[in-house]
Amino acid sequence: MSIKTALRATSAIALCAFATTAIAQDTTITIATVNNGDMIRMQGYADIFTEQTGINVEWVTLEENVLRQRVTTDITTNGGQFDIMTIGMYETPIWGANDWLVPLDDLSEEYDVDDILPAMRNGLSHDGTLYAAPFYGESSMVMYRTDLMEAAGLEMPEAPTWQFIREAAAAMDDPENDINGVCLRGKAGWGEGGAFITVTGNSFGARWFDEEWNAQFDQPEWAEAVNFYVNLMNDYGPEGYATNGFNENLSLFQQGKCGMWIDATVAASFVTNPEDSTVADSVGFALAPNAEGVEKRSNWLWAWALAIPAGTQQEDAAKQFIEWATSKDYIELVAENEGWANVPPGARTSLYETPEYQEVPFAQMTLDSINAADPTNPTVDPVPYVGIQFVAIPEFAGMATEVSQEFSAAYAGQQTVEEALAKAQAITNETMEAAGYR
Amino acid sequence: MARDVTSRRKLINTAAAWAVGLVIFFPILWTFLTSFKSEAQAIAAPPLFLNFDWTLENYGVVMERSNYARFLWNSILIAGGSTILGLLVAVPAAWSMAFVPSRRTKDILLWMLSTKMLPAVGVLYPIYLLFIQLGLLDSRAGLIIVMMLINLPIIVWMLYTYFREIPVDILEAARMDGASLKSEILYVLTPMAIPGIASTMLLNFILAWNEAFWTLNLTSVDAAPLTAFIASYSSPEGLFFAKLSAASTMAIAPILILGWFSQKQLVRGLTFGAVK
Amino acid sequence: MATKASRSAARLMMAPAVILLLGWMLVPLTMTIWFSFRSYLPLRGGDLGAAGFDNYVRFISSSAFWPSIQTTLILVGSVLVITVVFGTLLALLLDQPMWGQGVVRILVIAPFFVMPTVSALVWKNMFMDPTNGLFAHLWRFFGAEPVSWLSDASLPSIVMIVSWQWLPFATLILLTAVQSLDGEQLEAAEMDGATKLKRFFFIILPHLSRAITIVILIQTIFLLSIFAEIFVTTGGAFGTRTLTYLIFQRVLESQNIGLGSAGGVYAIILANIVAIFLMRIVGKNLDN
Numbered sequence: 001m002s003i004k005t006a007l008r009a010t011s012a013i014a015l016c017a018f019a020t021t022a023i024a025q026d027t028t029i030t031i032a033t034v035n036n037g038d039m040i041r042m043q044g045y046a047d048i049f050t051e052q053t054g055i056n057v058e059w060v061t062l063e064e065n066v067l068r069q070r071v072t073t074d075i076t077t078n079g080g081q082f083d084i085m086t087i088g089m090y091e092t093p094i095w096g097a098n099d100w101l102v103p104l105d106d107l108s109e110e111y112d113v114d115d116i117l118p119a120m121r122n123g124l125s126h127d128g129t130l131y132a133a134p135f136y137g138e139s140s141m142v143m144y145r146t147d148l149m150e151a152a153g154l155e156m157p158e159a160p161t162w163q164f165i166r167e168a169a170a171a172m173d174d175p176e177n178d179i180n181g182v183c184l185r186g187k188a189g190w191g192e193g194g195a196f197i198t199v200t201g202n203s204f205g206a207r208w209f210d211e212e213w214n215a216q217f218d219q220p221e222w223a224e225a226v227n228f229y230v231n232l233m234n235d236y237g238p239e240g241y242a243t244n245g246f247n248e249n250l251s252l253f254q255q256g257k258c259g260m261w262i263d264a265t266v267a268a269s270f271v272t273n274p275e276d277s278t279v280a281d282s283v284g285f286a287l288a289p290n291a292e293g294v295e296k297r298s299n300w301l302w303a304w305a306l307a308i309p310a311g312t313q314q315e316d317a318a319k320q321f322i323e324w325a326t327s328k329d330y331i332e333l334v335a336e337n338e339g340w341a342n343v344p345p346g347a348r349t350s351l352y353e354t355p356e357y358q359e360v361p362f363a364q365m366t367l368d369s370i371n372a373a374d375p376t377n378p379t380v381d382p383v384p385y386v387g388i389q390f391v392a393i394p395e396f397a398g399m400a401t402e403v404s405q406e407f408s409a410a411y412a413g414q415q416t417v418e419e420a421l422a423k424a425q426a427i428t429n430e431t432m433e434a435a436g437y438r
Numbered sequence: 001m002a003r004d005v006t007s008r009r010k011l012i013n014t015a016a017a018w019a020v021g022l023v024i025f026f027p028i029l030w031t032f033l034t035s036f037k038s039e040a041q042a043i044a045a046p047p048l049f050l051n052f053d054w055t056l057e058n059y060g061v062v063m064e065r066s067n068y069a070r071f072l073w074n075s076i077l078i079a080g081g082s083t084i085l086g087l088l089v090a091v092p093a094a095w096s097m098a099f100v101p102s103r104r105t106k107d108i109l110l111w112m113l114s115t116k117m118l119p120a121v122g123v124l125y126p127i128y129l130l131f132i133q134l135g136l137l138d139s140r141a142g143l144i145i146v147m148m149l150i151n152l153p154i155i156v157w158m159l160y161t162y163f164r165e166i167p168v169d170i171l172e173a174a175r176m177d178g179a180s181l182k183s184e185i186l187y188v189l190t191p192m193a194i195p196g197i198a199s200t201m202l203l204n205f206i207l208a209w210n211e212a213f214w215t216l217n218l219t220s221v222d223a224a225p226l227t228a229f230i231a232s233y234s235s236p237e238g239l240f241f242a243k244l245s246a247a248s249t250m251a252i253a254p255i256l257i258l259g260w261f262s263q264k265q266l267v268r269g270l271t272f273g274a275v276k
Numbered sequence: 001m002a003t004k005a006s007r008s009a010a011r012l013m014m015a016p017a018v019i020l021l022l023g024w025m026l027v028p029l030t031m032t033i034w035f036s037f038r039s040y041l042p043l044r045g046g047d048l049g050a051a052g053f054d055n056y057v058r059f060i061s062s063s064a065f066w067p068s069i070q071t072t073l074i075l076v077g078s079v080l081v082i083t084v085v086f087g088t089l090l091a092l093l094l095d096q097p098m099w100g101q102g103v104v105r106i107l108v109i110a111p112f113f114v115m116p117t118v119s120a121l122v123w124k125n126m127f128m129d130p131t132n133g134l135f136a137h138l139w140r141f142f143g144a145e146p147v148s149w150l151s152d153a154s155l156p157s158i159v160m161i162v163s164w165q166w167l168p169f170a171t172l173i174l175l176t177a178v179q180s181l182d183g184e185q186l187e188a189a190e191m192d193g194a195t196k197l198k199r200f201f202f203i204i205l206p207h208l209s210r211a212i213t214i215v216i217l218i219q220t221i222f223l224l225s226i227f228a229e230i231f232v233t234t235g236g237a238f239g240t241r242t243l244t245y246l247i248f249q250r251v252l253e254s255q256n257i258g259l260g261s262a263g264g265v266y267a268i269i270l271a272n273i274v275a276i277f278l279m280r281i282v283g284k285n286l287d288n
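Each protein sequence line maps, in turn, to chains A, B and C.
Residue numbers in the first sequence follow the UniProt record's numbering, run continuously in steps of one, and reach 438 at the last position.
Residue numbers in the second sequence follow the UniProt record's numbering, run continuously in steps of one, and reach 276 at the last position.
Residue numbers in the third sequence follow the UniProt record's numbering, run continuously in steps of one, and reach 288 at the last position.
If we strip away everything but chain A, and leave its shape as in the complex, we get:
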């Protein structure tokens, strides 16, 4: 390195240092978020927020699993790295109960907090206090190919049963043309295949725990549910479904390789978007199925929401941002620029009362699915927990990930369903004992 370059480098560093201090005088908030399409869009519009308020926004955009690991470490150690965290319906009540989040009980009049869908508001509250504002919300539903359904001579009822799903999958399955009857999540992870098999369990009358927190995987309902799923997927599912999550199935469906797909309602806007989807104009929607005679359906409830960690220095600026990003105005902003089909769905009642949005093909079914989900009463038999596709206790994420790994091993044919269920039972009871529930 010559002296000249060294000098230049030094002055560059000095300049950088100067620039940082200059910026630091303005308000800057740091937001940790997940790399989903709607959030990436929000990043793009954040400039408008900065223009309006003078508040700068720094983004830490991470893949979902990395994000969870990152924000959980930070919140439990009070690390103070973020002013806003993107978290889900599972974390919010637990963190709220620990007083780790700033309660959102003083939002402005025009924000109209009562406009938030009641299901979302309940799910993001602890003891009636809202701790995170929903950016978008979802349930799950059946998405199916209307053209293939017609060719098979069948008609999808508004509220199908699992038996009908199996019948339709058999009719649409066409290995010659690379079309699988049905695509479902099988990937290990509590938020992936774990969520799906849990709601499938619900719709067969199964539950994670009885009222004394005893694991219930040894009950016949679970065996019935998991066996049904495995048989359905082995007969009419895609190759390697044990590693398919939301994303893998989305791309399969977009490429026209699935007759049906039961998954998050937010997927509807992706599969009907002609830019990415080859089947955009032939997708129909129906409620998530249940087993014949079981009153609970297999639809879940989830929201990605924005929360403020307690102890942040920028509480006011953070609140301002949350009010902006989850407001009616933001929805209109997106609608103006990207069309109504691309606005963040499932958060506000007023959105579903907007005439333009009612014309979006999946709007009504999304709302119906969300309304059909009841986190406080998720199963046929009574349970001591809240949550549909999860159990809102701190131990659940780790335990359910291990359980779903056992299930995925069964999907891949590495063990029988009975073995997987026995291991699930052992893992769950082990964890609950360690945590002192039993």
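It is worth saying that the hints were derived from the structure and are not from the lab.
Idealized CB from N, CA, C, for every residue including glycine.
Check the hints yourself; a few may be wrong.
As the list claims (entries may be wrong) - Pairs of lysine-lysine residues, derived as DSS-like cross-links and limited to a Cα-Cα distance of at most 30 Å, are as follows:
| id | chain 1 | residue 1 | chain 2 | residue 2 |
| --- | --- | --- | --- | --- |
| 1 | B | Lys10 | C | Lys198 |
| 2 | B | Lys182 | B | Lys106 |
| 3 | B | Lys10 | C | Lys196 |
| 4 | B | Lys264 | B | Lys10 |
| 5 | B | Lys106 | C | Lys198 |
Said to hold, decoys possible - Sample of chain B residues at the chain C side, in silico, Cβ under 8 Å:
| id | residue |
| --- | --- |
| 6 | Leu48 |
| 7 | Leu50 |
| 8 | Asn51 |
| 9 | Val156 |
| 10 | Met192 |
| 11 | Pro195 |
Said to hold, decoys possible - Partial pick of chain A residues on the chain B-facing surface, computed with a CB cut under 7 Å:
| id | residue |
| --- | --- |
| 12 | Asn36 |
| 13 | Glu58 |
| 14 | Val60 |
| 15 | Leu62 |
| 16 | Glu63 |
| 17 | Val66 |
| 18 | Thr72 |
| 19 | Thr73 |
| 20 | Thr77 |
| 21 | Gln81 |
| 22 | Ala159 |
| 23 | Thr161 |
| 24 | Gln163 |
| 25 | Ser251 |
Start from chain A and add chains B and C according to the hints.
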């Protein structure tokens, strides 16, 4: 080497070596090619090799979404800073181990290596809490220190083996001539040790550049290097192979180019004392 | 011989490195050991008091413990065998005269520069994906059913990814050693009528033994703590949960710091057993 090789033999060697080389390199080449495809072409069946519409769109999207320059700059500072700091600490230590060995030298070396076996995940909480106390979270200084400590055992060992290959006679001769410790290091040792130090620097730079646990968990904005940049492009919703490829290319290109320019040095230098 | 003065100077020069590493080892280690005797659950209020040896007993009696040790050893062992065997062959090949030697060397060492996260993502999505992966296309082209690599052959797949990353490192070190081979000795052996195989086993291999030792030692240190490759590809499912990954699950996914710390202590013990084992078996090569 005075072996007589027929050109036939040379041809076979060449063909075999190129075939193996291309197979090993193929994943990187494929990533590079994919980064110029549209998302639909990236998953086309049968796969497209060169006959697609080359586009820079993915790079545009990535540049617009992320502050690539900042991630890159942080990677350079952290990898570079930890390498320089590491050398400052390691050179004296390796020097004294090599030239003034005691009975415990080998034990100390092995103990140093054993500190590398502490599983990072196991100590995440202790380190995170420590960093909060010291105010080092999301600071380049903190990461430089951690990266330096992680790689220090390897640096010390590598340097130690280089230094040991320097003939002691020369040092003795210098001492006889009345050279002080300082001039011994400066005028005798340093010139002979430079190739070893250079390849140690390279290896350490590469290791620090690619480290993905601490760099991801101890940073958020100001100090986040390219490993964090990649974490925002892995498995989002929808099709992502092309954008992931573009981001991957951007993350590995700088280090790959550095590696290529210095490959002779690496091939000669990575001995760890393996050559007597 | 070294004088007293240079001896104390030597100690002084070694001090910073030793003190720093001692600190780096002792501070987290002490904290880990402290946590491992506590019932420390951040999501349930933090430190809930002393736990005695509960965490240690619970970690080792969990049904996941022994399989994870087995997985760790298989993963490390297979990668070592693959990289050493192919690294030796590759080093010998690259040492031969050929056209474009420099370029081939560049191609071969390139994977070493790729971040583990990136290589795992690329292999998982663009090669091993059972629908859109390149392997699936290749299999279909030959009329075979595509393989679901990461579920049906999960551990071999990860072994392959990791071997791809570490093969260049082994090749580089072995190549340096091959280049220092005494050509005349080889020629003499050839004259004496020693077959290629004999020359390899009696001259080349003994010459390389020291380099191989070093490859094994250094790679073992890195391979024992493999994490990103598993995190990205299988998330520990399908029998790919190593000890490191199990600790990750206990610490971060289950948020049980006490239990995870106990696992960390076990991992340190395992690492040291492996290290001592290595030193005893192959470490003799390192003396002189």
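Now for the hints, and whether the structure bears them out:
In summary, the hint linking Lys10 (chain B) to Lys198 (chain C) is supported, as the alpha carbons are separated by about 22 Å, within the 30 Å threshold. Pair hint Lys182 (chain B) plus Lys106 (chain B) holds up; C-alpha atoms about 25 Å apart against a cutoff of 30 Å. For the proposed pair Lys10 (chain B) and Lys196 (chain C), the alpha carbon gap of about 17 Å is at most 30 Å, so the pair holds. Pair hint Lys264 (chain B) plus Lys10 (chain B) holds up; C-alpha atoms about 22 Å apart against a cutoff of 30 Å.
Proximity of Lys106 (chain B) to Lys198 (chain C) is assessed by CA-CA distance (about 35 Å); at most 30 Å being required, the pair is judged violated. Taking 8 Å as the C-beta contact cut-off toward chain C, the hint placing Leu48 (chain B) at the interface is violated, the least distance being around 11 Å. The interface hint given for Leu50 (chain B) is violated, since its Cβ lies 15 Å from the closest Cβ of chain C, which is over the 8 Å cut-off. The beta carbon of Asn51 (chain B) is not positioned within 8 Å of any beta carbon in chain C (closest approach about 15 Å), and the interface hint is therefore violated.
The closest approach between the C-beta of Val156 (chain B) and any C-beta of chain C is roughly 6 Å, which is under the 8 Å cut-off, so the hint is satisfied. For Met192 (chain B), the interface hint is violated, the least distance from its beta-carbon to any beta-carbon of chain C being 18 Å, above 8 Å. The closest approach between the C-beta of Pro195 (chain B) and any C-beta of chain C is roughly 12 Å, which is over the 8 Å cut-off, so the hint fails. The beta carbon of Asn36 (chain A) is positioned within 7 Å of a beta carbon in chain B (closest approach about 5 Å), and the interface hint is therefore held.
Hint status for Glu58 (chain A): holds, given a least beta-carbon distance of 5 Å to chain B, under 7 Å. For Val60 (chain A), the interface hint holds, the least distance from its beta-carbon to any beta-carbon of chain B being 5 Å, beneath 7 Å. Contact between Leu62 (chain A) and chain B, as hinted, is supported at the beta carbon level, the nearest pair being about 5 Å apart and thus within 7 Å. Of the supplied interface hints, the one on Glu63 (chain A) holds, with its beta-carbon coming within about 5 Å of a beta-carbon of chain B, less than 7 Å.
This hint holds: Val66 (chain A) has a C-beta 5 Å from the nearest C-beta of chain B, less than the 7 Å allowed. The beta carbon of Thr72 (chain A) is not positioned within 7 Å of any beta carbon in chain B (closest approach about 11 Å), and the interface hint is therefore violated. Against a cut-off of 7 Å between C-beta atoms, the interface hint on Thr73 (chain A) holds, since the closest Cβ of chain B lies about 6 Å away. The interface hint given for Thr77 (chain A) holds, since its Cβ lies 5 Å from the closest Cβ of chain B, which is under the 7 Å cut-off.
Taking 7 Å as the C-beta contact cut-off toward chain B, the hint placing Gln81 (chain A) at the interface holds, the least distance being around 4 Å. The criterion of a C-beta within 7 Å of any C-beta in chain B is not met by Ala159 (chain A), whose closest approach is roughly 27 Å, and the hint is violated. Interface restraint check: Thr161 (chain A) against chain B, minimum CB-CB distance 29 Å, threshold 7 Å, status violated. Annotation: interface hint on Gln163 (chain A) violated; nearest CB of chain B at approximately 31 Å, more than 7 Å.
With 7 Å as the threshold, the beta carbon of Ser251 (chain A) comes within range of chain B, its nearest partner Cβ sitting at about 6 Å, so the hint holds.
Hints 5, 6, 7, 8, 10, 11, 18, 22, 23 and 24, counting from the list given before, are not met by this structure.
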